[in-house]
Amino acid sequence: MAKGDKVTLANSGWCKRCGICVHVCPTDVLKLGQDRVEIDDIDKCIGCENCELSCPDFVLKVVKVNE
Amino acid sequence: MAVDIYKYLREDKLPHIWCPGCGHGTILNSLVRAIDQTDIDPDKTVVVSGIGCSGRAPGYLKFDTLHTTHGRAIAFATGIKLANPELNVIVLTGDGDGSAIGGNHLIHGCRRNIDLTVILFNNQIYGMTGGQYSPMTPTGAVATTSPYGNIDQDFDLVDLTRSAGATFVARGATYNPRQMTKLYKEGLEHKGFSFIETLDQCPVNYGRKNNIGGPTEMLDWQKEHTVPASKWEKMPEEEKEGIFPLGVIHRKDDPESEYTARYQQIIDSFAKEDE
Amino acid sequence: MSKKEAVLLQGDLAVVEGGMAAGAEFFAGYPITPASEIAEGFARELPKVGGKFIQMEDELAGMACAIGGSLSGKKSITATSGPGFSLKQENLGLGIMIEAPVVVVDVQRVGPSTGLPTSPSQGDVMQAKWGTHGDHPIIALSPSSVKEAFDLTVKAFNFAEKYRQPVILLLDEIVGHMREKVILPDADEIEVWDRKRPPADADKENFNPYEWTDDLVPPMPDYGTGFRYHTTGLFHDKTGFPRGTTEDAKKLMDRMTAKIENNLDEIILYDEDIREDDNIVVLSYGSTARSAVSAVNEARENGLNAGWIKLKTIWPFAEEKVSKLAEKANKIIVPELNQGQLIREVERAAKGQAEVVGINRYDGTLIKPEHVLAEIEGVK
Numbered sequence: 008m009a010k011g012d013k014v015t016l017a018n019s020g021w022c023k024r025c026g027i028c029v030h031v032c033p034t035d036v037l038k039l040g041q042d043r044v045e046i047d048d049i050d051k052c053i054g055c056e057n058c059e060l061s062c063p064d065f066v067l068k069v070v071k072v073n074e
Numbered sequence: 066m067a068v069d070i071y072k073y074l075r076e077d078k079l080p081h082i083w084c085p086g087c088g089h090g091t092i093l094n095s096l097v098r099a100i101d102q103t104d105i106d107p108d109k110t111v112v113v114s115g116i117g118c119s120g121r122a123p124g125y126l127k128f129d130t131l132h133t134t135h136g137r138a139i140a141f142a143t144g145i146k147l148a149n150p151e152l153n154v155i156v157l158t159g160d161g162d163g164s165a166i167g168g169n170h171l172i173h174g175c176r177r178n179i180d181l182t183v184i185l186f187n188n189q190i191y192g193m194t195g196g197q198y199s200p201m202t203p204t205g206a207v208a209t210t211s212p213y214g215n216i217d218q219d220f221d222l223v224d225l226t227r228s229a230g231a232t233f234v235a236r237g238a239t240y241n242p243r244q245m246t247k248l249y250k251e252g253l254e255h256k257g258f259s260f261i262e263t264l265d266q267c268p269v270n271y272g273r274k275n276n277i278g279g280p281t282e283m284l285d286w287q288k289e290h291t292v293p294a295s296k297w298e299k300m301p302e303e304e305k306e307g308i309f310p311l312g313v314i315h316r317k318d319d320p321e322s323e324y325t326a327r328y329q330q331i332i333d334s335f336a337k338e339d340e
Numbered sequence: 007m008s009k010k011e012a013v014l015l016q017g018d019l020a021v022v023e024g025g026m027a028a029g030a031e032f033f034a035g036y037p038i039t040p041a042s043e044i045a046e047g048f049a050r051e052l053p054k055v056g057g058k059f060i061q062m063e064d065e066l067a068g069m070a071c072a073i074g075g076s077l078s079g080k081k082s083i084t085a086t087s088g089p090g091f092s093l094k095q096e097n098l099g100l101g102i103m104i105e106a107p108v109v110v111v112d113v114q115r116v117g118p119s120t121g122l123p124t125s126p127s128q129g130d131v132m133q134a135k136w137g138t139h140g141d142h143p144i145i146a147l148s149p150s151s152v153k154e155a156f157d158l159t160v161k162a163f164n165f166a167e168k169y170r171q172p173v174i175l176l177l178d179e180i181v182g183h184m185r186e187k188v189i190l191p192d193a194d195e196i197e198v199w200d201r202k203r204p205p206a207d208a209d210k211e212n213f214n215p216y217e218w219t220d221d222l223v224p225p226m227p228d229y230g231t232g233f234r235y236h237t238t239g240l241f242h243d244k245t246g247f248p249r250g251t252t253e254d255a256k257k258l259m260d261r262m263t264a265k266i267e268n269n270l271d272e273i274i275l276y277d278e279d280i281r282e283d284d285n286i287v288v289l290s291y292g293s294t295a296r297s298a299v300s301a302v303n304e305a306r307e308n309g310l311n312a313g314w315i316k317l318k319t320i321w322p323f324a325e326e327k328v329s330k331l332a333e334k335a336n337k338i339i340v341p342e343l344n345q346g347q348l349i350r351e352v353e354r355a356a357k358g359q360a361e362v363v364g365i366n367r368y369d370g371t372l373i374k375p376e377h378v379l380a381e382i383e384g385v386k
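Chains as they are written, first to last, in the numbering used here: chain A, 8 to 74; chain B, 66 to 340; chain C, 7 to 386.
Don't take each hint at face value.
[Stated by the list, open to error] Calculated lysine-lysine pairs in the PhoX-like style (CA-CA distance at most 20 Å, straight line):
#, chain 1, residue 1, chain 2, residue 2
1, A, K71, B, K72
2, A, K51, A, K10
3, C, K168, C, K244
4, C, K210, B, K78
5, A, K38, A, K51
6, C, K210, B, K72
7, B, K78, C, K244
8, C, K210, B, K109
9, C, K265, C, K202
10, B, K127, C, K244
11, C, K10, C, K187
12, C, K54, B, K337
13, B, K127, C, K210
[Stated by the list, open to error] Each pair of labels, with its calculated beta carbon distance range:
#, chain 1, residue 1, chain 2, residue 2, range
14, B, P320, A, S19, 41 to 49 Å
15, A, G20, C, M132, 48 to 56 Å
16, A, D50, B, Y71, 21 to 29 Å
17, C, A264, B, Y71, 37 to 45 Å
18, B, I331, C, T39, 20 to 28 Å
19, A, I53, B, E306, 36 to 44 Å
20, C, G56, B, P320, 17 to 25 Å
21, A, G11, B, S295, 32 to 40 Å
22, C, D64, B, G307, 33 to 41 Å
[Said to hold, decoys possible] Chain C side only, calculated, beta carbon under 10 Å to chain B, not exhaustive:
#, residue
23, L52
24, K54
25, E63
26, L66
27, C71
28, K80
29, G99
30, Y229
31, Y235
32, G239
33, P248
Honestly, the hints are just simulated from the structure, not real lab data. Just so you know, even glycine gets a beta-carbon here, dropped at the ideal spot from N, CA and C.
Extracted from the complex, chain A is given alone in its bound form:
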């Protein structure tokens, strides 16, 4: 985790919409869409990686955005 890191949907197609990522996110960045997780408000993301580490489906990845 570093400043400026943000969550991305690295493998959106693998999402099974279990909701764990939404649950572990401390700042409500994510929401459940019709079929899969979606990013609701990326500006709130603090790059904590909770979602990436908890996701059972390897969907989410926190990456540097200010390269």
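Given chain A, work out where chains B and C should sit, using these hints.
Structure of chains B and C alone, referenced to chain A:
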């Protein structure tokens, strides 16, 4: 620093077969991060499993991987390791696979203190076959084969493996993946039999049927029913009921007592005779 | 000239000697009468040459562990007797499915169940063929003497390695426990085969561990050599991964069957002494062959036209050979220490062309030459 976990995954086999919200994927997620934090050579790493939902785990991991018969993963792994002690051998097993049909191999693996890392996915139920009770299903819980409540007592696998001679014993939980990664890393680096029970959720066959709820409610349940091992030790007995200690529970560093090292001493004694 | 001396050797220990000569590197097993001497022998010999021995917690683990050793690239063997052979069957099936070279010795005792632990039997003949569930190829060899126990152990390892196939070595308590004077060959006289491994410059990234090769036996990498391949007891395609399609299932079964069926000339071993005019043939295997050959010799002295064939390979069954014998012979006598197991294969191959008669004991006693002689002479 971002970790590339995908290089340890067989991406073409994903998405995996596990149900939505199953914790097995989180265990894999933590495992590959742990492997990344060690200096283990992926080419020298073998992952072995038995049967059940956990049995499918090695298929998603990019190492030499072996999906064996029900309960026997540790026995196969013992052969792989003893025949070539240079290999890092990881066993992924479930509570049914590892503590029921494979329970004998588990305790004897511990007794030999052979250098395997065994991660037991404890979702407290037989998932693959549709929700029958396992040796880890709590007394009173409902399963398809305990429709009136389970009358069996469940194992404390941490106590069992410690008593049987494992030299690294820990318990993690899928609600805390950072700790899981840390425990797996320590287990992988430990020279000797490492056993890491991981509390895991089966929303489909356990959580919903026992009024705990779906995946997120089950993670909350874990949080409420676990404490750090250091705190557990100081707790009065009456408060321990139904609460699981998490963290490293037992550790004994004695590489010379490891099985393959002991066998090598026998081989070396003959080599000396020849000199 | 050979400098070799005759030694007095027990059958079980001839398996150990044969195994060491064939390059055995790994033994995993569990003690059981009358096969324990094999475990004891390997425990003594293997570490002297850098090999490994392990006594497992049960028979199932012994089978599993031996397969594990094989996957790590070592020539592996386990040994047991009836009750243990029953317990090994599921993991034996995995060995067949993943095509792991491994030798499984069964020193037969009388069953079912605990039976007569120290008495001889040939009751596991059909179990050797069909013991694990599902259709599957199998190779089973059966020695009739201490020397043959040595020779066929070497063969068992060679076949296991060449065909990536579990090979069963069926001794019986007589052969396992008797001692005979034998002259063992020197190392340079013994042909030893190793499994085919992928070449060093193989494309590891795109490697298919179950490729349909010309000889139908895919090269097998040792674990830890960078191939990072998957192995499963599920039906799998050439990549090693389960696909679950009927097409892939059939393809794999057909290849595994054909890799054995295409090589029957090499695999089917037998000795025979059948003269042109011999119209009675005694077909036997294992310890029973000793009485059979003795009886035929005596019958010939009495002027009878009798011959013998001794099968050293029981599975795959020498169907074509027996069929040819039946064309010429009037009568085929099949002595067995069971209620009649291999005789059914003989009958099938004979197709009614010759009378097929069994001599059967299943009470822990051996079949004596006079029993066979009486049958040859037609004396009831």
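Verification of the hints:
no.	hint	verdict
1	A:K71 to B:K72	holds, 19 Å
2	A:K51 to A:K10	holds, 13 Å
3	C:K168 to C:K244	holds, 19 Å
4	C:K210 to B:K78	holds, 18 Å
5	A:K38 to A:K51	holds, 13 Å
6	C:K210 to B:K72	holds, 15 Å
7	B:K78 to C:K244	holds, 15 Å
8	C:K210 to B:K109	holds, 14 Å
9	C:K265 to C:K202	holds, 14 Å
10	B:K127 to C:K244	holds, 17 Å
11	C:K10 to C:K187	holds, 12 Å
12	C:K54 to B:K337	holds, 11 Å
13	B:K127 to C:K210	holds, 12 Å
14	B:P320 to A:S19: 41 to 49 Å	holds, 45 Å
15	A:G20 to C:M132: 48 to 56 Å	holds, 51 Å
16	A:D50 to B:Y71: 21 to 29 Å	holds, 27 Å
17	C:A264 to B:Y71: 37 to 45 Å	holds, 39 Å
18	B:I331 to C:T39: 20 to 28 Å	holds, 26 Å
19	A:I53 to B:E306: 36 to 44 Å	holds, 38 Å
20	C:G56 to B:P320: 17 to 25 Å	holds, 21 Å
21	A:G11 to B:S295: 32 to 40 Å	holds, 35 Å
22	C:D64 to B:G307: 33 to 41 Å	holds, 34 Å
23	L52	holds, 9 Å
24	K54	holds, 5 Å
25	E63	holds, 4 Å
26	L66	holds, 6 Å
27	C71	holds, 4 Å
28	K80	holds, 4 Å
29	G99	holds, 8 Å
30	Y229	holds, 4 Å
31	Y235	holds, 6 Å
32	G239	holds, 6 Å
33	P248	holds, 8 Å
Consistency note: the structure conflicts with none of the earlier hints.
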